Amino acid sequence: MGTPATPLDLETRNETRKDHFVVVHPLDDVLETKVDTEALGPMAMTRTVRLSLMSLRAYLILMVLMVVYHVVMLAR
Amino acid sequence: MTNKTLIMPTAVSTAGSADMSTATVEEAAPVRGRVVKSKITRDLLTFLMVFGPGLIVMVADNDAGAVSTYSQAGAQYGTHLLWIVLLLLPVCYFIQEMVVRLGIATGKGHAAMIYQRFGKWWGLFSLVDLQLVNFLTLVTEFAAIDLALSKMGVDPRYGVPLAAACLIMLVLTGSYRRWERIVVFLCLLDFAWFWIAFQLGPPLGQIVKHALLPSLPAGGVTPELMFLVIAIVGTTIAPWQLFFQQSCIADKRLRFADLKWARLDTFLGACITITAAVCMMIAGAASLTHGFRFTDPAQMAADIGAFAGPVMRDLILLMMINAAVLGTTAISLSSAWAYGEVRGWPHSLQLPWREARGFYSLYLICVAAAAGIVLIPRAPLQLIILGVQVLAGVILPSAIVFLQLLLNDKELLGEYANKPWNNWVNWTIIVVLFILSLILAAQVSAPSLFPSAAGGPTT
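Residue numbers (the working numbering), protein chains in the order written: chain P, 1 to 76; chain L, 1 to 459.
If you're looking for bench data, these hints aren't it; they were derived computationally from the structure.
Computed from a prediction, not measured in an experiment: that's the story for all the values here.
Accuracy of the hints is not assured; some may be wrong.
When the alpha-carbon atoms are kept at most 20 angstroms apart in a straight line, the in silico SDA-like pairs for lysine to any residue are as follows [claimed, not checked]:
(1) LYS39/L x ASP19/P
(2) LYS410/L x GLY41/P
(3) LYS410/L x TRP424/L
(4) LYS151/L x MET312/L
(5) LYS419/L x THR46/P
(6) LYS260/L x ILE40/L
(7) LYS260/L x VAL91/L
(8) LYS410/L x ALA44/P
(9) LYS34/P x LYS410/L
(10) LYS34/P x TYR416/L
(11) LYS34/P x ALA417/L
This is chain L alone, in the form it adopts within the complex (with noise of 0.2 angstroms):
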């Protein structure tokens, strides 16, 4: 590999790497390119070029929320449950791959997809709900940071307005490939899980065994369990992903030939952010094993401590503040890509902000407003959660069939279309979907048809 940094003045696309040899050239447009020597060095290269969007989307999907829930089934259910979050990782990938050609294909958002092809009812109905779940779901971000920092005895008034502020200026760098490494460098943090998880967890056969043969906890299936693996479901599948992709794959502008690439990227993401979620189950196991109750991942993170030391529950305390600060640029990005899309108005991470002001004006609104009621003394935060439960119900299958429609819109996508078995598999998604969807709204908005069902879902 000589690796050199060259300047290519053309005009054609070298779609990610092209043979020098078949290079044409039309006019001096400066391209900056790395020169190497061998075929499995440019797809090494190649591949870390076009890697980012797939990780980050899924890693971020591992937020305070989904923190919560997979060691809330963890410290309910030890490793019974491990089954089902192994089950959800070819949904997830099947889902955003779609997504991925999507994006590749138009270079568009997946909002303004909507709204171009489903007319504007439909994209101003999914341009809204998306804004209000996303606002939501921020502020239980916040509250996580919140809950964390206050364990950690550092006084939350503080540490919450500096995490905010680290977030807006995580995006007015007016590069997207600054963004991009270093939000990368936090999704890669998450392997923290799997060492927290190798110190606390059970023998491996135990999570071999729940992990690939079905099996229910003792007691069967109850409403509680119902009413977990529902919100698990939920967690893993986010509508906030399907916007945030697509518009992250339009504002790195990949083109047709790095496809194959940015479907490992999703297909790595998407193993490292199962296995991130096993990990936290496993840890809330461990807490149940030692006879602790669960009532929040940082209270479970204090009992862990009591046992394992203060460094491991310091560890836990940061990685449920990681996953929370990923799950805010990720969401805040989602909303402020959708709405500047759909207005028209300059939208990309590589803009400064004198170009694009009302594209970060979102993004730092959405931030601070979060954060900024989070800090409210008695602020509704359950109220709040209860909102994005039901919000999420709504956009969740909504989002997933304008996404499987468009995805066989052939005038759209041409050879890109889903081919029929991706149909069989992506409309038997949306129906499990949508039934569970409808439970869990069902649980949440009219809580009296479930009676037995001790206390709400965690999203």
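Here chain P stands alone, though its shape is the one from the complex (with noise of 0.2 angstroms):
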């Protein structure tokens, strides 16, 4: 693959190219493609998924629960 001339084929144009590799910060290199979330929408309802939102809201009611006997034995 040919490849145009740049800084880069300037500075190492002596050396054999196969012998060399381009390491590139993250913050350096040009952005890359990632999931676009935003167009996927909310998470589809599998039983699993419902089934564990259904234990957590069960887990929290508990815990409101549990604050709510502290702070009546806090008032006694």
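Grab the two chains, each in its own frame, and use the hints to assemble them into the complex.
Here is the structure:
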């Protein structure tokens, strides 16, 4: 594959290309294409997802009840 | 290695490192790179460039609360609980490794992902809970700075605002790299814990035995021991870590090709943080050996100073401040990133103040308000610590459930989604964390159910 003349070529033209590697810091690199999350929309409600979220709701209700209990005990 | 900096016009990602012979060029967009000759140098340099988020998230997890918990465990039970800390090494690696994959694949933060994939309600719940628990944790970080400074004879009325000002200046440079380099340097200071443990530690044989062979302290399983074990687990795996590392990876713009190096970064970070935790426990055990009773880590440092000298005392106090500083910058950033992502504000450490006012303002408000509360005489610190424990118990299992569901989202992650063995490991961890969080929250909010448990746990 042909590579046009660049500052890189000018600096390394006397060296064997196969022997060289370019290391680029992520912040200096061009932006990589990532998954388009906005186009995906909300997650599909599979049985696992629904069950997990239901368990989470139950857990949170239990936690709230415990905090309420603590507040009631403190108020006594 | 020629080690030259060069400007290469290309629009195609070189994905960390590229064989020059295969580089394709589409249009002129400057990409700064370094030319190296050997594959080993290429790999080493790529790792050093990717290195950062994993180390920072892990070491910052050993914040002031963690110093307190680990040293308390050592001061009460000697080296008997070392095996539990060691057991947490794969747990924290597996959880954070999922965050790495999610961050690299989406280029977005955890809060944004929850919002987009689970809807507004769960998104708002996670965000509000995170902001609350983070802020309360920040107050405890500054309380630790206050305590350590007082023990060193420095007036906290000057020391705490100075620490807050330095923490604010740290992020206002408009350069992610500058922030990362300073924070990595602070993380590496954690190696001082190794020297402290080496100086104070019991015979190596005893440490190895208690680290590798599970054993219980004299007295067996008591509510106090359970309390401390749960606190150790809670302090090693904190909710802000998930949000922080994913946002950090997104801000650093890590690429798909960086995944293996990001994993290595996270693994090394986990090893360093767990070893430092072991060292903190050994320091606590040394104070127990000399007959001191644990009250707080600053007092423990003073006690150790009584037999190991003032240098050792000041070093432990300085390490306590360093832990709090690291915890503060990471936690405040996780709050600012999460809020910025959800609100759609510009939210990058690469941006100058004028281009990301909301993001930096939130960081500034978090740090300044937490420092301010600590300076208020008779601030309700005990109530704040209790709030941290309860809220962390709420958010940690929920954040991990979202993480696990997102990592099984093939639509979102494709080949980066969890494998069946990942799921077995992760669901096991989640179930255990649910149970422990529930017990911890029950002990904190309903202490009368556990009559023989003396004192609250330390976060």
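- What are the numbers of the hints the structure violates, in ascending order? none
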